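S.K.: Protein chains in written order, with the numbering used here: chain A, 1 to 221; chain B, 1 to 314; chain C, 1 to 483; chain D, 1 to 683.
In case anyone wonders, no lab produced these hints; they're calculated from the structure. Keep in mind the model is a prediction, meaning the values are calculated, not measured. By construction, the Cβ of each residue, glycine as well, lies at the ideal position given by its N, Cα and C atoms. Treat the hints with care, since some could be wrong.
To be verified - FRET-style restraints, in silico, Cβ to Cβ:
| no. | chain 1 | residue 1 | chain 2 | residue 2 | range |
| --- | --- | --- | --- | --- | --- |
| 1 | D | Arg66 | C | Ala33 | 45 to 53 Å |
| 2 | C | Arg480 | A | Thr123 | 32 to 40 Å |
| 3 | D | Thr205 | C | Asp183 | 54 to 62 Å |
| 4 | B | Leu4 | D | Ala573 | 39 to 47 Å |
| 5 | D | Ala489 | B | Ala30 | 46 to 54 Å |
| 6 | C | Ser477 | D | Asp5 | 38 to 46 Å |
| 7 | D | Leu621 | B | Val41 | 50 to 58 Å |
| 8 | C | Val472 | D | Thr205 | 24 to 32 Å |
If you want the building blocks of each chain, they are given just below.
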Amino acid sequence: MSGLAFDIAHLLGALVLTLSFALLYQRRLTAAINVVAMQAAVLAAAAAWQAVTRDTPHLFATAGIALVFKAIAVPLLLHWLVRRMNISSGVEAVFGVTLTMGLGVGVTALSILLVLPLTAGETILLREDLAFALAVALIGPLLMIARRNAVIQVVGFMSMENGLILAAVGVKGMPLVVEASVAFSVMVATFIFGVFFYQIRERFDSLDVSRLEEMQGERQP
Amino acid sequence: MTDLALLIFQLLLPVALAPLLTGLVRRIKARLLGRRGPALVQPYRDLARLFRKEPVLAFNASWLFRGAPYVSFAVVWLAMAAIPTFATTPSLGLGLDLIAIAGLLGLARILVALAGMDVGTSFGGIGASREMTIGALAEPAMLVAIIALALVAKSTALPDLSKAMSEGVGLRVSLALALGAMVMVAIAETGRIPVDNPATHLELTMVHEAMVLEYSGRHLALIELGAMLKLTLYLSLIGCIFAPWGIARDAGMTALAAGAGAWLAKLAAGGLALALFETVIAKMRVFRYPEFLGAALLFAILGVVFLYISQHLK
Amino acid sequence: MTTLLVVLGVPAAAALVLAFIANWRLAAWLNVAACAVTLAASAALFVAERPAPGGLLLVDDFNIYLIALTAFVALTTAIFSATYIAHEVMHGRLTPTLLRFYHAMYQAFITSMLMALSADNLGLMWVSVEAATLSTALMVSLYRTPAAIEAAWKYFILCGVGIALALFGTMLMYLAAQPALGDGMAAVTWSSLLAQAAKFDPALLNVAFVFLLVGYGTKVGLAPFHAWLPDAHAEGPTPISAVLSGLLLNVALYAVLRFKMLLAANPKALAPGPLMIGMGLLSLSLASLMLYRRRDIKRLFAYSSIEHMGIAAFAFGMGGPLANFAGLLHMTMHSLVKAAIFFTVGHISQVKGTQRIADIRGLTASHPALGWALVAGVVAIAGLPPFGVFTSEFLVVSSTFARQPLLALPLAVGLLVGFGALMLRLHHLAFGQPSPNASTGRSVGLELSLVPVWLHLALALVAGIYLPAPLVAWFQSVARLLG
Amino acid sequence: MSDVDQWTLIGVAQATFVGLAVGGCMTNRRPVLIVPLYALAALTCVVALVAALGTLLAPDADVVTRRVLPVGLPDIKSHLRLDGLAAVFLVIVNLGGIAAAVYGIGYDAHTTEPARVLAPFPLFLAGMNLVPLADDAFTFLVGWELMSLASWLLVLTGHEQADNRRAALVYLTMAAFGALALLMAFGALAGAGGGYTFDAMRRSTPSAAIATLAAFALLLGAGSKAGLAPLHVWLPLAHPAAPSHVSALMSGAMTKVALYALARGLLELAGTPQWWWGGLLAVIGGLTAALGALQSLTQNDSKTLLAYSTIENIGVITAALGLAIAFKASGQRLEAGLALTAALFHALNHGLFKSLLFLGAGAVLHSTGTRELDRLGGLIHRLRWTAPLVLIGCLAISAVPPLNGFASEWLVFQSVLDATGLGHWELKFAAPVIGALLALAAALAAAGFVRFFGIAFLGRPRDAVAANAHEVTPAMLAAMAGLAALCLAFGAWPGVPLEPLGRAAGMMVDPSGAAGRLFVGQGDGRTAWLAIAPHGDLTAVYSGMVAALGLAALTGIAVGVTSMASRTPARRAPAWDCGFPEPNPATQYTASSAGQPLRRIFGGPALAARDRVEMPPAGDLRPATFASAMRDPAWHYLFDPLIALVSRTTERLNALQFLAIRVYLSLMFAALIGLLVVVAVTR
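If we strip away everything but chain A, and leave its shape as in the complex, we get (with noise of 0.2 Å):
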C-alpha cells in the first residue's frame, strides 16, 4: 500500500475516532444524531477508500449502506422523531462531561493497549484501525451509561456499531461484512421504531421512583 492511500485511511480511521470522543462531548441531543451522522460519513468514506485501495468491490455496497442509511435516513428520522414526540433536545448527563472523557480516553488507552501487541503479526494500518475501532466500539456503550435518555442510547449503539464496521472494513478479506452491515442496520431501525412505537422518551430510570416501582411489575403491593 502505498504512503498517500496508508495516510488517508489513518486519518479516516482517526477521524472516526475523534468524532466519538466529540459524541461524548454533546449536551443537546440534536448536535449528536448530527455528530454520529457525520461518523458514519467519514466510516462510509473509510470503506470506500479500502475498497478502492484493496480492490475489494464489496466494500462499496458496505460504504453504500453506511452513507445512506446510517449518515443521511437515520439520521434524519431521528430528528423527525425528535420534533415529532417533543422530545426535549437536552441531553441529561450522569457524569460529568470531564469525566465522561476521561473515562473515554482510558477506554482508548486500553484498546490500544490491547490490540497492537495482539496483531504484532499484521500490517500497521490494521493494527491502528483495529486499536482505533475497538476504542470507538468501547466509546458507545459508554456514551449509552452516561446519558439519560432514549434516542442518545439509539445514538450511542449507532456508534458502537460504526466501530466495528471500521474494524470490519479494516480487516482484510473479512467476508460477511455487508450482511453484518445490513443486520445491524435493520437492528437500529427496530430500536427506533421501538422509540416511536412505544413513545420511550426518557429511560424509566428517571429520578420518579414511583413510576419506577409501578414498572417493575414487582414492587406492586
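Place chains B, C and D on chain A using the hints.
M.R.: Structure of chains B, C and D alone, referenced to chain A:
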C-alpha cells in the same frame, strides 16, 4: 440336685433376711439417737399386719396399679438372685451380669413410678418425677463404676468380678473411688438419707413414700418388702465386689457355711455403717441431688482414669 | 442437506404465510402444523446423510439433537400457545392483529434459532442469533403494557450491545484464523477453523473469546449480563417465556461452546475454563439469592433459568468428559423442564388472573392437575431424582468435588440456597388453603393444553432413569471436543 | 433359597410398589381402594422381607449376590448388590413397612384426600428398599432422594396447617443438604475418572486426605438424614407432621437407612477407616443421645417427644457404629464385630419399638384427636388394648430387661467396656464419657417414657377428649400387637436375631478372613437362643430368657404366695392423697411438671430452658402464671443465624432487580473491561 437346692436357698434367704436387716438398721439408729428403738423383728410384724389388712384401691386405679407391686417385687427378687451372696456356683449371675442387675432395678423403679402416677394425685406425680430424676442421675455414675470394675476383672459377670477382686488386687485408690461411687449410687437408689428419708411422711420431702402413698394392705406389704430387699441387694452387691471374702466357690458344705456366715457378717457391718452414716448426716434439698450424684460420677470417672494409668505402668 | 433445508425452510415459509392469515384460530393451528413438519424433518436428520462440512450449514453430533430438541419444544410450545392465546383473546388482552404478528414472529424466531444451530459459518450464526433477539424482543413487548415495553427495551439494549461485542469477537477470531486459512469464507467457517485451530495465535484467540463470551453470554443470561432475562420472561406472553428459557438460552450457550471448542483445540490458548467457572458460579449464586425475594411467579422461574445456565456454564468451565457430558445433559434437561414449568405457570396465571406469588396458594387442593404439574416441575428443576436434572447435577457436583473440592463448595452452597428458595415458594404456591380464582379465570382440567407439560416431564423422567445410547454417544463425542 | 428367587422377589416387590403408587393416586375418587392398597403394600413388604431374610439367614456368611440393570448413568449402569448388611436394613425397613401398612388399613379410611398418603406411601417404601440394595452412587442417591421426596409429600399430607408446611420445607431443605453432602462424598471417592460403582470405590485406595474429606461429607450427609446433632432440627418437626404410620416408618425405618449409609460408607467405601473417625462419631453419638433424650423429656406433644427420642436412639446406634470403626481401624476385629452387631441390633430394636410407640401415639391421636399430653390422661381405662401394647414399647425403649431394648443397649455397653482397651489414649478417655452419656440417655429416656405413659395413659382424664376416647380398630391393634410381640421375643431370645446380625457384621469388619465367625459365642458350646456371650467365654453373659422366664416365675410365686397369705378382696374407695383428695383433674401432675426436675437440672445449660413463675403479691386476685420456654441450641446457634444471613444478603442483593438499564449496561461494560484487563495482564 444340690445346685437346685442351693438356688432355692439363695432365692429365699435374702427375702427372709431383708426385714431383719431393716430392723437392724432401725434399731441401731434408734440406739445412736438414744432411743431404745423397736424390736429387731418389728418389720416382720409390720409386714404380717399389712398382709392381713384389707387392701383399699382408689376408684380409678387400673390393672397397672394392682400389678405393679407384684412385678416390681419380683424384679428386685430376680436381681437379688443374680448376686453371689454366699456362693457363686448356682447363682443366676451367669445369665444376669452387673449391667442387667442395674437394668432390672431400673425396671422396678419404672413400675413403681408408673403406679405412682396411676391414681392421678399430685403426690404420686411428684414422687414419680423425683424418683426418675434420681435414677437418671445415678445411672451414669453406676455405669462408669461398672466400667472401672470391668477394667480390673475383664468381665461384668458378678461371679468373675468377685473372683477377680478377691485375687490379690490389693488396695487401690481407683477401686476406692469406684466403691465411693457405688455407695453413693446405692444410697440414692435405696432412698436413704441424704437423698430420701424412708421414715418421713412429710409431704414435700418424700420421694419413694410419695409414690406409694395410695398403696395399702398386701400391695403395700410387697412394696415395703421390695424396698427392704433392695437394701439387702445393694449391701450384698457391694459386699460381693469390694469384700469378696468367704464366698463359696464350690458346693462343699463347709465352704457354703463359711460363705453364709461371711455374708451375714457383711450385711450386719453394712447395716451398721449405714445407720452410722444416716445418723450423722442431714437430708438434702431436691436440687442438691445433681451435686451428690455428680460427685459419684466424678469419682467413678477418676477411678477409671487411675486404673488406666496403673495398668499402663504395669 | 435437503433435509436440513426443509428444517430451515418450513418455519421460514410458515413465518411468511402466517403474516397474512387474519384468522387467529386457523393461524394457531397452522403454527402447530408447521412446527410438527419441522419436527418431523429434524427427526429425519438423524437418518439423513449429514452435509459435508465447510459450507454454510453443518450437521454434527453437537447440533443434531439440539435441532431436534428445538423443533420439539417449538411444537409443544405451539400447542400450548394455541390454548393460551385463546384465553388471552377472550379476555381482550390480545387482538387478532397482534396475533398475526405474533405467529409470524414465532416462526421467524424458530427459523433463526434453527439457523443459528445449524450454521457452520460464524457470520451466519451471528446474524441468526441477532435475528432471534429481534424477533423475541418484539414478542416480549406484545402486551404493550409499560412493563412489557420496558422489558423489551431492556432486552434490546443489553442484547444489542452484547451482540455487537460478539461480532467484534467473531472478527478477532477471523483475524486469528487468517494466517492459517487465508482470506475469505474458510476463515469464518467453523469446521475448517476447528481443523486448524492449533495454528492460531493464542493471544488473539483469548481476546476473541472474551468478546464472544461477553457477547453471547449476555444472551445466555450469565451474570452480570443477566438483567434483561427476568423482565423479558416475566412480561412477555408465557409461550415466549417458555421458548426463551427453553431454547434461546441454549442456542446462545451453544454459540459460546462452539468457540470454546476452538480454544480447546489450541493447546497454547488460555484455558477458557476459569472464565466460565467464574461466571457460572456468579450466575448460580446471584440467581439463587435473588430467588428469595421474587414476587412474580414468572420472574421467579426466570431467575431459576439464570441459575441453571450458571450451572451449565460452570460444568463446561470445569471441562473433562464427565463435566462436559453433564453440561450438555443439563442444557437439554433444563429446556424440557423449564418449558414445562412455564406452560404450567401460564395456566396458573390465567386461572388465578395474576402472576403475583402472594395471590396464588394451595394449587394442589384447588387445581390438582396444575398443582401437581407444578410440584413435579419444580421438583425436577430443583434437581431431585428421578428427573434428568438430577443426573447432570450429580455428575457436575461429584466430579467437581473429586477434582477441585474448593470449587464444589460454592457450587453446592449455591445449589442449596436456590433449592431452598424454590421450595419456599413451592410450598406457598402448591400447598395450604387455596386462594380464590380470578373471576375471568379459565377452568383447567386434564385437557390438551396440559399434554405438553406431561410430555416434557415424562421425557425428563425417562432421561433421569435411562439415557438412550445414541444420545450418550453424541454427548460423549461433543464432550471430547469441548476439552 | 437360590439368589434368582431373591432378586425376582425384590423385582416383583419394587414393581408392585410403583404400581401401588399409581393406584394410590386414584383413591381420592375411589376410597374403596384404600384397604386393598394397604393390604397389598403389606404383602409386598412381606415379599421383600422374605427376599432379605433369604440372604440374612443363609448359613454361609459371605453370600453376596449382584445384579446390573441397564439403566442409570450411561456406561456405569445401575448396580445392585444384596449382602448381609443390606439384608439387615431391608429387614428393618420391611418389618416397619408391614406394620405401617397394616395399621394404615384401619387408620386412613376417613381422611379427606387419601391419595396424598397412598400415592407417596408405596414410593417411600420403594425408596427405602432401593437404598440398601444400591451398589453405585447414582442408584444409591436416586433411592435416597426418592425416599426423601416421598416422605416430604407424606409430611405435607396435612398441608393446610402452616406448621406442617414449615416442617416440610425444613425437612426437604435439610434432605437436599444431605444429598449434596453425600454427592460430594461419592464424588471424592469416585475420583475424577468417575468410578461411581461401589466396587470401584472398594478397590480404590484414596489418600488419607481424600478419605477423610469423604468421611466428613458422609457424616454430614447421612448424619443429617439420621438426625445426628446438630443436624437433627428437621426431625422433630417432620416426623410428627406426617400421619402416624408414616411417622413410624420415618422414625423406625428411614433414619436406619441413613445409618446404613453411614455404616456402608465409613466401613467399606471410604478407604481404610481411621481411628479418630470412630472416636469422633462415638462422641457425637453419645452427645446426640443425651441431648435427644433430654429434649424428649421436655416436650408436651406426644409425637414430637417420640421424634426426639428417635434422635436419642440414633445417637446410641451411632456411638456403637463409631466404636466399630475405631476398633476396625485399630485392627481389633472381634470387638469391631461386636460393636457393629450392637449397632445393628439396636437399629433393629429401635425400628420395632419406635414404630410401636408412634403407632400407639397415632392410636391416641386417632381416638382423642390431640397430641397434647396435657389434654390426655386415664386412657388406660379407655384404650384397653392399646395401653398395654404402648407400655411394652415404653419399657423396651427405656432399656430395661427383659425387653429387646435392654439386650441391644447391653451389647452397646459391652462395646464401650471393650473400648477401654483401645490403644489410643484419646479413645480410652472417651470410653467412660461415652458410657456415661449413653447411660444418662437411657435413664433420661426411662424418665421420659414414664412421663409419657404416666401422663397420657394413667391418672385421670384432663380433658373431655380423653374421657371420651374409644379403642382403635382391629387392624391398628394388630399392627401394634405384632411389633410388641417381636419386642418381647427379641428381648427374651436376643440370640436368635443376633446370630444372623453377627454374621452380617462380621462380613463388614473382616470380609477376607473367617467371615461371620468373628462374633462367636453362639453355636459353639452354648445354644444361641439361651444367652448372648459376645466374647465367646463366660466373661459377659446376658440371658434374656433367664430374665424373662425368671421374672415370670418369680411374679407368679409372688402372686401365688400373696394370694394364699392374704385372701381379703380389695375394696374400692376414693383416693387417699394424704387425706386431701382433690376431685379436679387439673391438680394432677402435668407433662411439664413431670419433666421439671430434669429440665431444671440439665435443661438450663443445654436447652436454655427457663421456667418463669409469676406470683402476684398477696391480696392481688390475678392468677399466678407459669411459663416454660426452651430453645433448641441447634436453631439458636446454627440455623437461625444462617437464615438471617441469607435473609440479609437477599435483601441487599434485591436492589439489583430494580436498577436502570444504564446501570446494567455499566455492569456489563465493567465486566468486559475487567476481563480484557485480565487477559491483557495474564498474557
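S.K.: The structure should be examined with respect to each hint, and the outcome stated for every one.
M.R.: Right, here's what the structure says about each hint:
Between Arg66(D) and Ala33(C) the beta carbons are some 51 Å apart, a value that agrees with the proposed interval 45 to 53 Å. Distance hint check for Arg480(C) and Thr123(A): the Cβ-Cβ separation is about 38 Å, which falls inside the suggested range of 32 to 40 Å. Range check, Thr205(D) to Asp183(C): about 57 Å between beta-carbon atoms, so the 54 to 62 Å window is met. Remark: the range hint 39 to 47 Å for Leu4(B) to Ala573(D) is upheld by a beta-carbon distance near 44 Å.
Checked against the hint of 46 to 54 Å, the pair Ala489(D) and Ala30(B) passes, with Cβ atoms roughly 50 Å apart. A beta carbon spacing of about 42 Å between Ser477(C) and Asp5(D) agrees with the range 38 to 46 Å that was offered as a hint. Between Leu621(D) and Val41(B) the beta carbon distance is about 57 Å. The supplied range of 50 to 58 Å therefore holds. The hinted range of 24 to 32 Å is satisfied by Val472(C) and Thr205(D), whose Cβ atoms lie roughly 30 Å apart.
Every hint, counting from the list given before, is met by this structure.
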